[in-house]
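> Taking the hints into account, I'd like the entire structure generated from these sequences.
First to last, the sequence lines map onto chains A and B.
For the first sequence, our numbering assigns the number 35 to the initial residue and increments by one for each residue that follows.
For the second sequence, our numbering assigns the number 35 to the initial residue and increments by one for each residue that follows.
These aren't lab readings, by the way, just hints derived from the structure by calculation.
Just so we're clear, the structure is a prediction, and the values are computed from it rather than from any experiment.
Among the clues, some could well be false.
Heads up, the list lumps identical chains together, so a pair's fine if it works in one copy or across two of them.
Once the Cα atoms are required to be at most 20 Å apart in a straight line, the calculated SDA-like pairs of lysine to any residue come out as [stated by the list, open to error]:
#, residue 1, residue 2
1, K60, E202
2, K193, P110
3, K89, A340
4, K60, D197
5, K60, G78
6, K193, E111
7, K193, E218
2 protein chains.
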Amino acid sequence: MDPASVSSVRSGLLAAVEERLAGVLKEELNRWSAHGERAVVPVGEVASLVRAGGKRLRPLFCVSGYLAAGGAPDAPEIVDAAAALEFLHTCALLHDDVADGARLRRGLPTAHARHAEEHRAQGWNGEPRRFGESVAVLAGDLALAYADRLMAGLPPEVKPIWDELRIELIVGEYLDVDTAVRGEVTPELARWIAVWKSGSYTVRRPLEIGAAVAGRSDLAPAFETYGEKLGEAFQLRDDLIGVADDSERSGKSAGHGWDAAALRGRMAANGGAAEVERRIEQLTEEACAAVRTSSLDPVWQREFAAMAFRAAYRDR
Amino acid sequence: MDPASVSSVRSGLLAAVEERLAGVLKEELNRWSAHGERAVVPVGEVASLVRAGGKRLRPLFCVSGYLAAGGAPDAPEIVDAAAALEFLHTCALLHDDVADGARLRRGLPTAHARHAEEHRAQGWNGEPRRFGESVAVLAGDLALAYADRLMAGLPPEVKPIWDELRIELIVGEYLDVDTAVRGEVTPELARWIAVWKSGSYTVRRPLEIGAAVAGRSDLAPAFETYGEKLGEAFQLRDDLIGVADDSERSGKSAGHGWDAAALRGRMAANGGAAEVERRIEQLTEEACAAVRTSSLDPVWQREFAAMAFRAAYRDR
Chain A
35 MDPASVSSVR
45 SGLLAAVEER
55 LAGVLKEELN
65 RWSAHGERAV
75 VPVGEVASLV
85 RAGGKRLRPL
95 FCVSGYLAAG
105 GAPDAPEIVD
115 AAAALEFLHT
125 CALLHDDVAD
135 GARLRRGLPT
145 AHARHAEEHR
155 AQGWNGEPRR
165 FGESVAVLAG
175 DLALAYADRL
185 MAGLPPEVKP
195 IWDELRIELI
205 VGEYLDVDTA
215 VRGEVTPELA
225 RWIAVWKSGS
235 YTVRRPLEIG
245 AAVAGRSDLA
255 PAFETYGEKL
265 GEAFQLRDDL
275 IGVADDSERS
285 GKSAGHGWDA
295 AALRGRMAAN
305 GGAAEVERRI
315 EQLTEEACAA
325 VRTSSLDPVW
335 QREFAAMAFR
345 AAYRDR
Chain B
35 MDPASVSSVR
45 SGLLAAVEER
55 LAGVLKEELN
65 RWSAHGERAV
75 VPVGEVASLV
85 RAGGKRLRPL
95 FCVSGYLAAG
105 GAPDAPEIVD
115 AAAALEFLHT
125 CALLHDDVAD
135 GARLRRGLPT
145 AHARHAEEHR
155 AQGWNGEPRR
165 FGESVAVLAG
175 DLALAYADRL
185 MAGLPPEVKP
195 IWDELRIELI
205 VGEYLDVDTA
215 VRGEVTPELA
225 RWIAVWKSGS
235 YTVRRPLEIG
245 AAVAGRSDLA
255 PAFETYGEKL
265 GEAFQLRDDL
275 IGVADDSERS
285 GKSAGHGWDA
295 AALRGRMAAN
305 GGAAEVERRI
315 EQLTEEACAA
325 VRTSSLDPVW
335 QREFAAMAFR
345 AAYRDR
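Laid out in structure tokens, this is it:
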């Protein structure tokens, strides 16, 4: 496959992923609207967040892993797997924003903040904040149910990777919150958090899922190294952006509360900004080396190197 | 199968479910403790709640549906399915207790309350309540990941039932919270909430899953009627117990905040306590009629009738 075909085939698959996401949401919006406008609220929150966009990094890595492993360009399984990863991410964002008390996400007010505000404005029973949080937690649970439903038709080799991804993400999230509230983190723990929250979740496991759908589980070791290195670089860049950030620029809330504390803790544990830049450079090089020494087609080796540099040197 | 064998085979399977739950938890506790005591916290919360007991109603219905459908008494699939239902329930309880701000569950302080208290006592960064809620939400997500992992090995006919169960439960939960904060509920909406939160989740879908594991999806219509009728009776009994309740008796918090408002709203929509008792009697009779006119073995018809009466006339 030449570079132009790589790009066009991949764009086609990613467009199919968007259609799949929209199709699931439309079907569920129709289904629940038959029970009145109130039954539509949870799926409406999932739909708003999916439609608000985002980088779609997990579908990108999943589809890339699949094509690099020689998968046919028109298989519905890979579209389902990539869409499932985006629904899982939607769940993670909804639950994270509750944990962080975040006000903005993808440039819009967060689900919990909006529903708390509605509760306040309507003068309903109970506490506005608790209501907003309940809606966001349930909407996240629903996004996850859609993700799992999409995973149902995939080959059995894929399921254990998906299950691991979820468990690692949750433990990584917990340790992130835990180290933040304590204001203490060891370099080793900071590295594990980066591996589980970013390396594994965003890069390694989506690539492995793509390769497994294409029947090439043998690529897992190369993708493991590439993903863990790049994921750590990605998380370190996230921290550098976070430190310099204001809320207009990223569409997320600027670090409030323990989120900011976690950032400062990690930056300190990692030796400060200049040291973090050096570490990003080294990790990106190690990620590229892992694919350069694999059995992947040279066109894909170059593409994965380009993706690594874009992720490690992005500005938002 | 005679009644004594029904009882002894079922007890054997339910004991195997307890072993499976304990086995998953032990493996995960070991795995994460290798990363230090902090990495064990989320799985520790799942373990505490599972070990605290509970009625195990969903495993009971699942295993009963399986045996009534002629399933072999020693298949590992049914043990996995029933254990998955209990892990899903663990997730639902952890997330519900955050939504309700509940202080007690199964006679013990709730996960979010305990971690908020620890945060306060340690003087950590940020807000104690938000920390407690984050731990409980993540622990719930983890319980669900274990549930899904257990479902992976089941026949493909089972997966759509599982996915529906989850989606119905979430929408039912949302509508319960929504009607509670608004303090208004129509009889129709009250009935749907009972169907989705109890009938489907506790009775119908577990029975259907059991029957599907045994390869008898044809039993679904009988179990649908039995489950929906009994589930509504179960929810109505829950409301009557809730109204009369004090926290010592049930191990849950007495209705605070919108939980109490929801109860009062439902009781009023349902015509008051005497009317609710009449409705429970009618629903229980209809549930029994659904199994009496099915192709189930008479021993199981009688057993399901007995289970219906125990659920509809329980005192906690």
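> Take the hints in turn and mark each one as holding or not.
Hints, verified against the model:
no., hint, in the structure
1, K60 with E202, "between (31 Å within a copy, 17 Å between copies)"
2, K193 with P110, "both (16 Å within a copy, 19 Å between copies)"
3, K89 with A340, "within (16 Å within a copy, 55 Å between copies)"
4, K60 with D197, "between (27 Å within a copy, 17 Å between copies)"
5, K60 with G78, "within (10 Å within a copy, 38 Å between copies)"
6, K193 with E111, "both (13 Å within a copy, 16 Å between copies)"
7, K193 with E218, "neither (35 Å within a copy, 43 Å between copies)"
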